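Asker: For chain D, the structure is supplied; the task is to place chain S on it using the hints.
Residue numbers (the UniProt record's numbering), protein chains in the order written: chain D, 1 to 278; chain S, 1 to 287.
Just to be clear, a hint being listed does not mean it is correct.
[Stated by the list, open to error] So the derived list for chain S, only partly shown, Cβ under 7 Å to chain D, looks like this:
{"no.": "1", "residue": "4"}
{"no.": "2", "residue": "6"}
{"no.": "3", "residue": "117"}
{"no.": "4", "residue": "126"}
{"no.": "5", "residue": "127"}
{"no.": "6", "residue": "131"}
{"no.": "7", "residue": "136"}
{"no.": "8", "residue": "140"}
{"no.": "9", "residue": "223"}
[Unchecked claim] Straight-line alpha carbon distances no greater than 30 Å define the calculated DSS-like cross-link-like pairs of lysine-lysine that follow:
{"no.": "10", "chain 1": "S", "residue 1": "282", "chain 2": "S", "residue 2": "174"}
{"no.": "11", "chain 1": "S", "residue 1": "48", "chain 2": "D", "residue 2": "27"}
{"no.": "12", "chain 1": "S", "residue 1": "188", "chain 2": "S", "residue 2": "174"}
{"no.": "13", "chain 1": "S", "residue 1": "57", "chain 2": "S", "residue 2": "76"}
{"no.": "14", "chain 1": "S", "residue 1": "215", "chain 2": "S", "residue 2": "282"}
{"no.": "15", "chain 1": "S", "residue 1": "215", "chain 2": "D", "residue 2": "267"}
{"no.": "16", "chain 1": "S", "residue 1": "174", "chain 2": "D", "residue 2": "267"}
{"no.": "17", "chain 1": "S", "residue 1": "215", "chain 2": "S", "residue 2": "174"}
{"no.": "18", "chain 1": "D", "residue 1": "86", "chain 2": "D", "residue 2": "190"}
{"no.": "19", "chain 1": "D", "residue 1": "205", "chain 2": "S", "residue 2": "116"}
{"no.": "20", "chain 1": "D", "residue 1": "86", "chain 2": "S", "residue 2": "57"}
{"no.": "21", "chain 1": "S", "residue 1": "116", "chain 2": "S", "residue 2": "174"}
{"no.": "22", "chain 1": "D", "residue 1": "205", "chain 2": "S", "residue 2": "48"}
{"no.": "23", "chain 1": "S", "residue 1": "116", "chain 2": "S", "residue 2": "188"}
{"no.": "24", "chain 1": "S", "residue 1": "188", "chain 2": "D", "residue 2": "205"}
{"no.": "25", "chain 1": "D", "residue 1": "27", "chain 2": "S", "residue 2": "174"}
{"no.": "26", "chain 1": "S", "residue 1": "75", "chain 2": "S", "residue 2": "48"}
{"no.": "27", "chain 1": "D", "residue 1": "226", "chain 2": "S", "residue 2": "282"}
{"no.": "28", "chain 1": "D", "residue 1": "205", "chain 2": "S", "residue 2": "215"}
{"no.": "29", "chain 1": "D", "residue 1": "190", "chain 2": "D", "residue 2": "27"}
{"no.": "30", "chain 1": "D", "residue 1": "190", "chain 2": "D", "residue 2": "205"}
{"no.": "31", "chain 1": "S", "residue 1": "200", "chain 2": "S", "residue 2": "3"}
{"no.": "32", "chain 1": "S", "residue 1": "200", "chain 2": "S", "residue 2": "174"}
{"no.": "33", "chain 1": "D", "residue 1": "27", "chain 2": "D", "residue 2": "86"}
{"no.": "34", "chain 1": "S", "residue 1": "282", "chain 2": "D", "residue 2": "267"}
{"no.": "35", "chain 1": "S", "residue 1": "57", "chain 2": "D", "residue 2": "27"}
{"no.": "36", "chain 1": "S", "residue 1": "116", "chain 2": "S", "residue 2": "200"}
{"no.": "37", "chain 1": "D", "residue 1": "205", "chain 2": "D", "residue 2": "226"}
{"no.": "38", "chain 1": "S", "residue 1": "174", "chain 2": "S", "residue 2": "57"}
{"no.": "39", "chain 1": "S", "residue 1": "57", "chain 2": "S", "residue 2": "75"}
The hints are simulated quantities; they were obtained by calculation from the structure and are not laboratory data.
If you're wondering where the values come from, they're calculated on a predicted model, not measured in any experiment.
Yeah, the Cβ is synthetic: ideal placement off N, Cα and C, and Gly gets one too.
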Amino acid sequence: MNLLYILLVLAVWLGLWWLNTRFALHKSTQWIVPVLFGITLILLWEMVVRLFGVSPVILPAPSAIWTRLVSSMPILWQDFVQTIFKGALSGYVLGCGAAFVTAVLIDRSPFLQRGLLPIGNFIAALPIVGIAPILVMWFGFDWQSKAAVVVVMVFFPVLVNTVAGLQATEAMQRDLMRTYSASYGQTLLKLRLPAAMPFVFNGLKIATTLALIGAIVAEFFGSPIKGMGFRISTEVGRLNLDMVWAEIAVAAVTGSVFYGLVSLIEKGVTFWHPSQRG
Amino acid sequence: MNKIIPVLTVLAVIVAVWYAAAIRMNSQWTYDQAARAGTEVTLSTLVKDTLAQERPKLPAPHQVVAELWNTTVEKKITSKRSLVYHGWITLSATLLGFGIGTLGGIALAVGIVHNKAMDLGVMPWAIASQTIPILAIAPMIIVVLNSMGISGLIPKAIIAAYLSFFPVVVGMVKGLRAPDQMQLDLMKTYNASGAETFWKLRLPSSMPYLFTSLKVGVAAALVGTIVAELPSGATRGLGARLLSGSYYGQTIQIWSALFAAAALAAALVIVVGILERAVLKKMGMAQ
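For reference, chain D alone in the conformation it holds in the complex (with noise of 0.2 Å):
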């Protein structure tokens, strides 16, 4: 029986793969194809879970985190605002605000910004979310020690980029202020920063996922009952999976939408740079 069942489920994993073969060949059919894998994937997922029996414990079939998502979404919900609007995003905004009004002040003194890049790089490779335990027991266990986690872990990736990106322009493009005569702040609010748009936004979307990372692992070490994190590492030990499965699936979808706001407000501004033009 168990033979018939591992055919099946190669049966339909080839099936749907040479349909995709078939898909990516033409122009006009390709983008079915990252979703039909997308499709085989939880197909496949649903399949083994049921034909082979895989305990509940182990591994729960989408279809029961599904349900589950949908009939705890009260609890979601509260979750989601305590994690991601109180947590992450107050921690965003601020930690991102600080870095970026960091490096425009460190921008007129070379002497600083040689000082501070090597430290900021060194600190942004280091496992910050380490960090966490101190922060709660400085700030307690509601968001704002979840909040100051965020802070200290967007704020050198944004510094280091937005540095980098204030040195982006050009002798020439200076020279040319230069010769209108206009001041440091002209030139700043005219030349450099708009040239460093396209460097900021890189550190806005490399610290958007670790706002959401800081937020989220910042719980497991203590919060009030409520929270993505907490949700998350008691449910494991209580061996409701299917919430698990079902705060994870909130989790990512937060994460690319949050992502994808940012690319988009990066797409109005940067809409000059030749990645954003064709």
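Answerer: Just chain S now, kept in the frame of chain D:
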């Protein structure tokens, strides 16, 4: 070389700010103690006391350094309180996971470059997966594998592999596509087969991209391992040190574990950087 003085200056400022913050943040406790004992706090006793508390809110730098020295050099490395021991636990899982993730990532990238359907089907998901907080999945993987009877090194390595996998895929695909049409045409005029084009053109020109993403990947693998050590039950590794420190209010222990993790991350990135320079130099691609 003209970087050293600015960097040292900034570092000195950071340490100074740290000391000032330590005095300020720990002063509450000192004042409370003094009020209870009915004594007056002078500035010198305040400074002395705030920098030498048992469980300070913010330990002073020299306390962290002393703890680091204590737990690395003075303790035997087999001791449960040695940071070298915990660091090794974390490092071994990180390296195993990083190895698996890198090999898997390269294999998938090769598939993507050579198969149109895979490119169109997998690539959007690989890129989208970088925007989602994958780390949230870590506690579940640990617990599920634990209930299946797998514990210790393997679950942590799986999470580390998972985290280092996608950066390598994305970077490697970019690298394998780096040769331009002119170079590919040249290979065609040589009547090179697909395999020859791969080994002699695509793979060599992907190396700079590979190493860039390896640096990202190894840092991500370490973060993954540390977070994987957080769920209850883990008693070994730097992540477990962080968690137990936070449970028992041992701030000095948290800070020293944090610094050990930072040193480990820095060492890993530097090792990859040295490898990069050696390989690129050997290939004649060093700038």
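Asker: Each hint needs a verdict: does it hold in this structure or not?
Answerer: Hints and how they fare:
Annotation: residue 4 of chain S was flagged as interfacial toward chain D, and the flag is violated, the nearest CB pair being 9 Å apart, outside 7 Å. A hinted interface residue such as residue 6 of chain S counts as satisfied when its beta carbon comes closer than 7 Å to some beta carbon of chain D; here the least separation is about 3 Å, so the hint holds. Look at residue 117 of chain S: its Cβ gets to within about 4 Å of chain D, closer than 7 Å, so that hint holds up. Using the Cβ-Cβ criterion of 7 Å, the hint placing residue 126 of chain S at the interface with chain D is not satisfied: the shortest such distance is roughly 10 Å.
Of the supplied interface hints, the one on residue 127 of chain S is violated, with its beta-carbon coming no nearer than about 10 Å to a beta-carbon of chain D, more than 7 Å. Look at residue 131 of chain S: its Cβ gets to within about 4 Å of chain D, closer than 7 Å, so that hint holds up. Below 7 Å, beta-carbon pairs count as interface contacts, and residue 136 of chain S has one with chain D at about 5 Å; its hint therefore holds. For residue 140 of chain S, the interface hint holds, the least distance from its beta-carbon to any beta-carbon of chain D being 5 Å, beneath 7 Å.
At its closest, the beta carbon of residue 223 of chain S sits 4 Å from a beta carbon of chain D; the interface hint therefore holds under the 7 Å criterion. Between the alpha carbons of residue 282 of chain S and residue 174 of chain S the distance comes to roughly 22 Å, so the proposed pair stays at or under 30 Å and holds. Using a Cα cut-off of 30 Å, the hinted pair residue 48 of chain S and residue 27 of chain D is violated, with the two alpha carbons roughly 73 Å apart. Between the alpha carbons of residue 188 of chain S and residue 174 of chain S the distance comes to roughly 21 Å, so the proposed pair stays at or under 30 Å and holds.
Restraint check for residue 57 of chain S and residue 76 of chain S: satisfied, since their Cα atoms lie roughly 29 Å apart, inside the 30 Å limit. As the CA atoms of residue 215 of chain S and residue 282 of chain S are separated by approximately 19 Å, the hinted pair is consistent with the 30 Å bound. Straight-line distance between C-alpha atoms of residue 215 of chain S and residue 267 of chain D comes to about 29 Å, which keeps the hinted pair within the 30 Å bound. Only pairs whose Cα atoms come within 30 Å are accepted, and residue 174 of chain S paired with residue 267 of chain D is accepted, the gap being roughly 22 Å.
Taking the CA atoms of residue 215 of chain S and residue 174 of chain S, the gap is about 16 Å. The hint holds against a cut of 30 Å. Annotation: proposed proximity of residue 86 of chain D to residue 190 of chain D is violated, straight-line Cα distance about 34 Å (limit 30 Å). Distance check on the hinted pair: residue 205 of chain D and residue 116 of chain S sit about 28 Å apart at the alpha-carbon level, within 30 Å; holds. Straight-line distance between C-alpha atoms of residue 86 of chain D and residue 57 of chain S comes to about 25 Å, which keeps the hinted pair within the 30 Å bound.
A hinted pair counts as satisfied when its Cα atoms are at most 30 Å apart, and residue 116 of chain S with residue 174 of chain S qualifies at roughly 15 Å. Between the alpha carbons of residue 205 of chain D and residue 48 of chain S the distance comes to roughly 45 Å, so the proposed pair goes past 30 Å and is violated. Only pairs whose Cα atoms come within 30 Å are accepted, and residue 116 of chain S paired with residue 188 of chain S is accepted, the gap being roughly 19 Å. Only pairs whose Cα atoms come within 30 Å are accepted, and residue 188 of chain S paired with residue 205 of chain D is rejected, the gap being roughly 39 Å.
Pair hint residue 27 of chain D plus residue 174 of chain S holds up; C-alpha atoms about 22 Å apart against a cutoff of 30 Å. Pair hint residue 75 of chain S plus residue 48 of chain S holds up; C-alpha atoms about 27 Å apart against a cutoff of 30 Å. In summary, the hint linking residue 226 of chain D to residue 282 of chain S is not supported, as the alpha carbons are separated by about 55 Å, beyond the 30 Å threshold. At roughly 19 Å between alpha-carbon atoms, residue 205 of chain D and residue 215 of chain S fall within 30 Å of each other, so this suggested pair holds.
For the suggested pair residue 190 of chain D and residue 27 of chain D, the alpha carbons sit about 42 Å apart, so the restraint of at most 30 Å is broken. Annotation: proposed proximity of residue 190 of chain D to residue 205 of chain D holds, straight-line Cα distance about 23 Å (limit 30 Å). Proposed proximity of residue 200 of chain S and residue 3 of chain S is contradicted: the alpha carbons are some 39 Å apart, above 30 Å. Taken as a hint, the residue 200 of chain S and residue 174 of chain S pair is honoured in the structure, with Cα atoms around 17 Å apart against an allowance of 30 Å.
The straight-line distance between the Cα atoms of residue 27 of chain D and residue 86 of chain D is roughly 43 Å, outside the 30 Å bound, and the hint therefore fails. Note on residue 282 of chain S and residue 267 of chain D: the hinted pairing is violated, with a Cα-Cα distance of about 41 Å set against a maximum of 30 Å. For the proposed pair residue 57 of chain S and residue 27 of chain D, the alpha carbon gap of about 61 Å is over 30 Å, so the pair is violated. A hinted pair counts as satisfied when its Cα atoms are at most 30 Å apart, and residue 116 of chain S with residue 200 of chain S qualifies at roughly 21 Å.
A threshold of 30 Å between alpha carbons decides the hint, and for residue 205 of chain D with residue 226 of chain D the separation of about 27 Å falls inside it, so the pair holds. A C-alpha spacing of about 46 Å is found between residue 174 of chain S and residue 57 of chain S, which places the hinted pair above 30 Å, so the restraint is violated. Distance check on the hinted pair: residue 57 of chain S and residue 75 of chain S sit about 25 Å apart at the alpha-carbon level, within 30 Å; holds.
Of the numbered hints listed earlier, those contradicted by the structure are 1, 4, 5, 11, 18, 22, 24, 27, 29, 31, 33, 34, 35 and 38.
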